[in-house]
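Participant: Each chain is listed here by its residues.
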Amino acid sequence: MNPSVEALRRQFPDGVGRAMESCGQTIVYVDRARLLAIMTWLKESPSAAYNYLVDVTAVEYRDIERPIEVVYQLRALQHLGELRVKVELPKHEPLTVDSVYHLWRAADWLEREVYDMFGITFAGHPDLRRILMWETYQEGYPLRKDFPLRGRFSRAEQVRQALHANPEAHYSLEELSIERAYRDLPADMRDRIERGERDRVPPPPGEETQGE
Amino acid sequence: MSRRVVELDLATTGVDAQGRPLRVPLGAELEPPADEPDFRAEHMLVNMGPQHPATHGVLRLVVELDGEVVVRCIPHVGYLHSGFEKLGEYRHYNQIIPLTDRTDYLSPMSNNVCLAMAAESLMGIEITERCKVLRLIACEMSRIISHIVWLGTTCIDIGAFTPFLWTFQERERIYNLQEAWTGARLTTSLTRIGGMMADIPDGFERALREFCNTFPKVLDEVDSLLTRNAIWCGRTQGIGVMSAEEAINYGLSGPMLRASGVAYDLRKDRPYLGYETYDFEVPVGEHGDVYDRYLVRCEEMRQSIRILQQALDRLPDGPINVDDPRVILPPKRAAMTDMESMIFHFKQVMEGVPAPVGETYVAVENGKGELGYYFVSDGTAKPVRWRIRPPSYINLAALPKMAEGSLLSDLIAVNASVDIVMGEVDR
Amino acid sequence: MGLSPLGDAPDLGGAVGGRSVMSQISPNWVTSRLDFLVNWARANSLWPMPFGTACCAIEFMATAAARYDLARFGMERLSFSPRQADVLLCAGRLPFKLAPVIRRIYDQMPQPKWVISMGACASTGGIFDNYAMVQGIDTVVPVDVYVPGCPPRPEGLLYGILLLQKKVRGETIADASLREERPLEPGGLRIPARLVDEISEPFGNSVHQSRSA
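Residue numbers (our numbering), protein chains in the order written: chain A, 1 to 212; chain B, 1001 to 1427; chain C, 2001 to 2213.
Just chain A, with the same shape it has in the complex (with noise of 0.2 Å):
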């Protein structure tokens, strides 16, 4: 078992729940209110120093009951120390937990795909949005549980919305820091984005009617 685990249970003694070992690997359970500053504290004490953040991920479990678990693999370079830190987000509540972009940031690209693919919220994200999938993708969460292996449409409706979806037309905010740009837009995407509408798919031009 990694001695961080003994330390870090003195430093938080309400903060961190069970701790086990898998294949020679340590894990331990936290708090998600306590997340932030539990990561904090690994990376910035020096008997932790986890300074490198391997991955962020997230585990939905075939039992229906067990709560999705988000999984961040950390590792010490200087003493080559690894732990993997989990949080449990019952499915019952809101999927939010903090981003600890501000610690890493390798964290960037990690949660947005985690949100991306398990739609999962980090706040203090700076730019949370779908990274994988297109913006306005419709059909859900691909890797949760209740989402199937060919997703939830039919073929010709996922090759319809996919036509439309015009994935370069959806500039985030921040690549529109440039005003000429923004003016040059449809009028329609302006104000879809000044009304902050990101998830809706324009229909396809022509019949709202399935085609022949």
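Think of the hints as simulated: they come from the structure by calculation, not from any bench. Model, not experiment: these values are computed from the prediction. Careful, some of the hints might be misleading.
The calculated lysine-lysine pairs, modelled on BS3-like cross-linking and capped at a C-alpha distance of 30 Å, are [said to hold, decoys possible]:
1. B/Lys1268 - A/Lys43
2. A/Lys86 - B/Lys1268
3. B/Lys1347 - B/Lys1132
4. A/Lys43 - B/Lys1401
5. A/Lys86 - A/Lys43
6. B/Lys1347 - A/Lys145
7. A/Lys91 - A/Lys43
8. B/Lys1217 - B/Lys1268
Here are the computed distance ranges between Cβ atoms for each label pair [as the list claims (entries may be wrong)]:
9. C/Arg2182 - B/Glu1281: 56 to 64 Å
10. B/Gly1124 - A/Arg18: 17 to 25 Å
11. C/Asn2044 - B/Gly1234: 37 to 45 Å
12. B/Asp1202 - A/His79: 44 to 52 Å
13. A/Phe153 - B/Gln1169: 43 to 51 Å
14. C/Arg2194 - A/Arg34: 50 to 58 Å
15. C/Leu2162 - B/Asp1317: 45 to 53 Å
16. C/Arg2083 - B/Gln1169: 26 to 34 Å
17. A/Lys145 - B/Glu1281: 41 to 49 Å
Ideal Cβ positions, reconstructed from N, Cα and C, are used throughout, including at glycine.
Assemble chains B and C onto chain A, guided by the hints.
Facilitator: Positioned in the frame of chain A, the structure of chains B and C alone reads:
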């Protein structure tokens, strides 16, 4: 559009008192006419990709340009998202191996090895000695071909076409070896849980040794073309600098991390497959620029040759597969004649090999960086979660940091130096 | 390997400009000589637009490199701009996010244009029968030659190119429907929705492989 009339003072001789040529700025004294917008103060928003020859796959870069200077660069990925991780939840562990060929398709054998190692870690299987050495050989061959592709395509991006042809010719020789071993040039599916798909064929050792003898000469030729070339140095030195602290904070790995001066290599610091018993060095750079990454990768190729020679020397005899019929398919002759073997075969193919409840994260030092597989198992034959820790994805996230503030052509060079493969970035 | 079985969408009623003149001349000796010349020129200088996405792109690069050499088939100049290309060579898997991109690139290519679908993923979706992958680019763009393989060997790709050259040589300028632009139908698809669903259905082993546990 009004036409601006530019008048030069043509009475100058063209050289100044010291004989140096005079530069007469075009229109420097002239004010643009009042009705014409002043283009010098505006930024351009340019979209590169996803279909673009220099983005190394389907990467889209939204670039804000102030003239030629990149003010902001925002990469968009996901154009090759293939749902690997979702597919992995519907496949037995052995069935995931062909999927791993297609993530990092430039160095497929190392992905296969990493997956087999991860599944074996989960199941608590110890592989044989011969299997370890063969897997190490596969990993080093993969490192070489990955770096070869990087070298060829980076040269094309920066403008040198010839090394591409030379390096791809060398790649063909490794392809011959891969094809002789596994039957496929690119999608090798080399390993199985507990062993390998097949032993090396006759003549493989000899051919690989020949490659090890001749490949350094090709590297020397490319080296002579590039390393002291003024154009190459001018386009790569000082470009895309990442300091060591930044590299660690951004989670970079592989040559990107080492070129920035961080001496961290999984083969040395968390050894696997017996790397601690081999005699090799890990090149570490100083400046963290594109030139250092080039030097690090070239030296890594030479060290890989060194490791390959040592591995070939010490290749032990023996079985390649672990002697456990619940995990490894029995030989066909036994499966066709012996009832028990047939049942083992049936169970493995139809139900897969179940892994005990648990989870594991296993990482190898790929050519691109730290490739890790995270398996969570609930006791069945299909994982609950298969996570690929993609080195290219995390390295690419640092691209804006490296490229902002430099020229557009430097952006291309920096993008090339990150050594991404979009199959892995998007999975 | 085969030529496209999906057929063409219904004729949009007459072609553009001078083509309608050509299509009114019944094929004769003059048109056949002209065909020979035009098709010879086209077939031997097909400029590919490499839409390389994944592993097949690497095999495509290997085909273009020194050992297998595409240049001897007239495909010397890889055109990365669709405006100057003849053949859209989709090498690699096509996720849904990339579908509008390939459609736009196909629309940007001027006639005459052909499409080679290289690899199993581009032809049918390959091993990726899931939420993210287009099950064959023929649901998005019309395909002339399918090259199976995962990835196809360079020799396989070369055979597909030779097959395309054969197809090009078999064309005639008297048939205007060959060179018509067929944009997406008003419903947003290239072919009827039930046809998309039909060709995207899982078959073979894929049928059994969607049980999670």
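Participant: Against each hint, give a clear statement of whether it holds in the structure.
Facilitator: For each hint, the structure was consulted:
no. : hint                              : result
1   : B/Lys1268 - A/Lys43               : holds (23 Å)
2   : A/Lys86 - B/Lys1268               : holds (28 Å)
3   : B/Lys1347 - B/Lys1132             : holds (26 Å)
4   : A/Lys43 - B/Lys1401               : holds (22 Å)
5   : A/Lys86 - A/Lys43                 : holds (15 Å)
6   : B/Lys1347 - A/Lys145              : holds (26 Å)
7   : A/Lys91 - A/Lys43                 : holds (29 Å)
8   : B/Lys1217 - B/Lys1268             : holds (27 Å)
9   : C/Arg2182 - B/Glu1281: 56 to 64 Å : holds (60 Å)
10  : B/Gly1124 - A/Arg18: 17 to 25 Å   : holds (22 Å)
11  : C/Asn2044 - B/Gly1234: 37 to 45 Å : holds (41 Å)
12  : B/Asp1202 - A/His79: 44 to 52 Å   : holds (47 Å)
13  : A/Phe153 - B/Gln1169: 43 to 51 Å  : holds (47 Å)
14  : C/Arg2194 - A/Arg34: 50 to 58 Å   : holds (54 Å)
15  : C/Leu2162 - B/Asp1317: 45 to 53 Å : holds (46 Å)
16  : C/Arg2083 - B/Gln1169: 26 to 34 Å : holds (32 Å)
17  : A/Lys145 - B/Glu1281: 41 to 49 Å  : holds (46 Å)
The structure is consistent with each of the numbered hints, conforming to all of them.
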